[in-house]
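Trainee: Residue-level listing of the chains:
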Amino acid sequence: MSAPPLTAEADLGSLGHRTLSSAAIALICAGSVGVVAVLFALTSHSVAGFVIVTPVAVVAALVAMSWVVEGGRSARSRLAESLALLGLVLAIVPLLAVLGFTLVNGLKRFDSTFLTHSMRNVADSDPGGGAYHAIVGTLEQVLIATVISVPLGLMVSIYLVEYGSRSRYGRLISTTVDVMTGLPSIIAGLFILSFWVLALHQGFSGLAGALALTVLMIPVVIRTTEEMLRLVPNALREGSLALGARQWRTIVSVVIPAALPGITTGVMLAVARVMGETAPVLLTVFGNPAVNMNPFSGPQESLPLYIFSQAQLPNDTAVARAWSGALTLIILVIALTVAARLLTRRWHVPTGG
Amino acid sequence: MAVPLVLSACSADNNAANSAGASGSSTGAITCASGTLNASGSTAQANAMSAWTKAYQTACTGASINYAGGGSGAGVAQFISNSVDFAGSDFPLSAAQAPDANKRCGSGNTAINLPMVSGAIAVGYNVPGVTSLKLAAATIAKIFSGKITMWNDPAIMTDNAGVSLPSLGIQSFHRSDGSGTTYNFTNYLQNDAPTDWTYGHNKVWPAPGGQGAKGTASVVQGVKSTPGGIGYMELSYATQNNIAYAQVGNAHGQLVPLTQANAVTFLSKATTSGSGGDLTLTFPYQVADPNAYPAMLVTYEIVCKSGNTATTLPLLKGFLGYTSSTTGQGILSTNGYVPLPANLQTQVSGAVAGLS
Amino acid sequence: MTGGALGPTSLAEDAAPGAGSSSGTRPKTSRSDRLFRRLSVGSASLVWILLVAIALFLLQQALPAIHADSVNFLTTKQWLPDNQPPVFGIAALLYGTLFTATLSLVIAVPVAVSGAVWLTQYAPRSLGRMLGYVVDLLAAVPSVVFGLWGLIYLVPRMVPVSAWLSTYFGWIPIFRSDGIYGKSIFTASVLLAIMILPLIGAVSREVFLTVPQDHREAALALGSTKWEMIRLTVLSYGRSGVISACVLGFGRALGETIAVALVLSANYEISWHILTPGGNTIAANIANTFGEAGPVGRGALIASGLVLFIITLVVNFGARAIIARRKDFQVSAS
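Protein chains in written order, with the numbering used here: chain A, 71 to 423; chain B, 917 to 1272; chain C, 2 to 335.
No wet-lab data here; the hints were simulated from the structure.
What you are looking at is a predicted structure, and each value in this text was computed from that prediction instead of being measured.
Heads up, the beta-carbon is just placed ideally off N, CA and C, and yes, glycines get one too.
Among the hints, erroneous ones may be present.
So, partial list: chain C residues that the calculated Cβ filter (under 7 Å) puts toward chain B [as the list claims (entries may be wrong)]:
1) 92
2) 263
3) 266
4) 267
5) 289
6) 293
7) 294
8) 295
Cβ-to-Cβ under 7 Å is the rule here; a few derived chain C residues that face chain A [stated by the list, open to error]:
9) 48
10) 49
11) 142
12) 144
13) 313
Calculated lysine to aspartate or glutamate pairs in the DMTMM-like style (CA-CA distance at most 20 Å, straight line) [what the hints assert, rightly or not]:
14) B:1063 to C:270
15) C:78 to C:270
16) B:1140 to A:386
Given only the sequences and the hints, what does the whole structure look like? Please build it.
Mentor: The structure is reproduced here in structure tokens:
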């Protein structure tokens, strides 16, 4: 028959099946949006209702047309694709809301004074002051935590994947790590407070905060690193060993670089998480309105602690500083994440099998 | 444990408009000393500490005072474990804590409670169209325990003759975290409305009904965003956020407006119950004075009467001497607090001078 | 292919240090290999020792408080540990912790996994990667900011949503309510779901990306639609990875402290009605009451932390059992 361009041949390798062309899909989507818009304009005028009903209507129309034209299996496939896309949109919406909100509230005090000054001699109700001391503190604490937990975590996951994947000890360690991922952040803080700060008389310091963050970071690093190491195909290991390399050499020169992009992702996620932890640093760094460059001695400030304490004060000036601090922290973490991704791209080793 | 780096000239720390005095000099009521003081505890006095710290550090550039709010319990625990030089607390040392605190000060020494920052508890509300409200103690008790649920309830209308109250549901907010404000508010209710408030007084909210909110900032958030909302908060939060607050009733049914004068009057009738320099206060909840605002709180500084180390003693006496002086107490009202009445202030000042 | 029948350990035993070694004796592993292995085992042991230290510390601090408790710790709902005599129990806290974490998982997992499927299977490669990074940005938001955002932005907006749910779905028991909405278990679970979304999504994405291309092409060549291909290859291949991601997310939700503390109305009651204000979790309770707690109070809070610890243990054992059982049934094709 004189086929109108509503169906097309050969898509998805299903020979001879009728399928919906892109033009048809576009038409269906536009049509259903239009119908819903008209309905809402005539009845309820609710924007929220429109936003919710439209995707449902579009998906329903698409799936129905697909059922008629392409058959049940393809319709199910279209439904799956629509739901998957819906999932993505639902994941992005809160992101926009949170980031937008922080941006709008944080820009008020996000100036050079804020970034280069501390809170020494600034009363809560004063309009000035900044978070320089908090930024320095957080960077130092997170750096120390990373320097301790990444090598340690990597060695542990190497054990779990390369040496202990079948042994009882390996399973024990793996369970231990699982348990530690569920450790509430405040318990980590309480532990370091009780053990390091009090029992060992080390006092409050940036290092104490870093240790509390390490306790939280290690299990996450181990978990994600382990997953990435496991996904490295055995063919790579076998090839290296067949060429005569020792096992440790294989691990260091072949397995780790192959898993490096995933490992970097995992580490960055861990860093991102601990950078924003308030509870463990609350109990261990004590806080300090002035700059303390030395993380090993004396109370220090930390950015999440700064945000938390400023936000609880009754003064508008303090709340404005809190949101600017939040904006600063988010920017820091995003900058770190983006930098990590860019670095990873250079080292990306294809792991296709 | 202070590191000299804290005191080094870091440009980030140059925040004061002008540093009026070199270290070691005295400016009026301020006796300068240098060093670092670490203190922690009650969040209710955080604003006061911040203002005092700024004034003292501006006058004495060699001094660093580091007060971390974190709760009275945490502050006292840190004081007992010798992690801080003094603690700010919404409650005096309990009978269980006193021996440990004394031990921290050294054998034969005692730790004392010095009332330093007092504040008024405002009953803030958000009722559209109502700009002034009077609530008897019994009414407040019933509202906060969920027995009165509508703003046009007869009990509230009796308290407010001539005011038209809407037919709006009451949404009460209390603290979900432990708090000295809750402690003092429930203490006031228990003393001034004993028949209607049978839940005792506690730093953890003891009554049914209402919504919990963490920190006064959240209580304020709740009241502000809920028409029909009502909550108790420190006065500074109410004024900073433009929340109207009610006149409250005392034990004799008299309704007292919240003014600084009324707050100070109430405090001036408080009695001290400690011995040997300790100045724990007992509030006069039964006083029949229509000009004494009864919903008050006071926070204490817990210090060692004797046994302070030679490095911390000068700065401790210098700073607390400033805070307990009339100059120091004088800057409190701009921050929403209530200065100590003269009789108490001289006692506290004297106690600080006697620290060793 | 996951490390299948030929595990790395067995290979290590077979590998000869030099080419051409054909003697019958078993070759010695080199010193550097032994050193490296010892280093690795030692690190693993450090982790285990750390956990034991934390557990011992929790016990040591918690036991005096539990002894001082005048009522049953596991079945009491009230929390007044600094009263004379102390009266406290974790019944309401335990319920709230498990309920909010489960509910947040129920909300987050479909969204995160379906989003990951779209990004890895349907989106063009570069767009998928870009958008994946964008979703990961949610992980960049610190929990304290989530808490503040939740309190100021989310709670007021959940009020009409809760009202709608209660009106149209109130016949389902959990949605029944008496008209006051806001800081409820539902709101807290939604906030928690948003917080654990990037974690589950990122790990799922990484796992889906490593499904071998030939598996996918084989399914398509056999005539399956795209969805059938995904179901057959991607989802089944990545199932254990996704379950790991879920356990990670569940653990995070169980222990989230500050954000939940700011958003929950915190009473000590057990209620199925997720739309009414109230609810409390163990971690939020610690955040709320630690600052003002006396010595018994602190011990009681640490005791509740110990219970949370044990829950995580149980959850993880359960998850491992599920994954292990699945592996038994999987035919490892290579």
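Trainee: Hint residue 142 (chain C) vs chain A: min CB-CB distance below 7 Å?
Mentor: 6 Å, holds
Trainee: Please work out if residue 78 (chain C) and residue 270 (chain C) have their alpha carbons no farther apart than 20 Å.
Mentor: 6 Å, holds
Trainee: Can we keep the residue 48 (chain C) interface hint, with Cβ of chain A closer than 7 Å?
Mentor: 6 Å, holds
Trainee: Would the hint on residue 263 (chain C) stand, with a C-beta cut-off of 7 Å toward chain B?
Mentor: This hint holds: residue 263 (chain C) lies near chain B, its Cβ roughly 5 Å from the closest one there, short of 7 Å.
Trainee: Would the hint on residue 294 (chain C) stand, with a C-beta cut-off of 7 Å toward chain B?
Mentor: Holds: closest Cβ of chain B sits about 5 Å from residue 294 (chain C), inside 7 Å.
Trainee: Let me know if the C-beta of residue 289 (chain C) comes in closer than 7 Å to any C-beta of chain B, holds or violated.
Mentor: This interface hint holds because 4 Å falls under the 7 Å limit.
Trainee: Can we keep the residue 293 (chain C) interface hint, with Cβ of chain B closer than 7 Å?
Mentor: Interface hint status for residue 293 (chain C): holds (3 Å vs cutoff 7 Å).
Trainee: Next item in the hint list is residue 266 (chain C). Is there a CB on chain B closer than 7 Å to its CB?
Mentor: 5 Å, holds
Trainee: Measure nothing beyond the straight line between the CA atoms of residue 1140 (chain B) and residue 386 (chain A); if it is 20 Å or shorter, mark the hint as holding.
Mentor: It holds: about 14 Å lies between the C-alpha atoms, which stays within 20 Å.
Trainee: Let's test the interface hint: is any C-beta of chain B closer than 7 Å to that of residue 267 (chain C)?
Mentor: 3 Å, holds
Trainee: Do the numbers back the hint for residue 313 (chain C), that is, is its least Cβ distance to chain A under 7 Å?
Mentor: For residue 313 (chain C), the interface hint holds, since the closest Cβ of chain A sits about 3 Å away, which is under 7 Å.
Trainee: Can you verify the interface hint for residue 49 (chain C): is its Cβ closer than 7 Å to any Cβ in chain A?
Mentor: 5 Å, holds
Of the hints listed earlier, the one the structure fails to meet is number 1.
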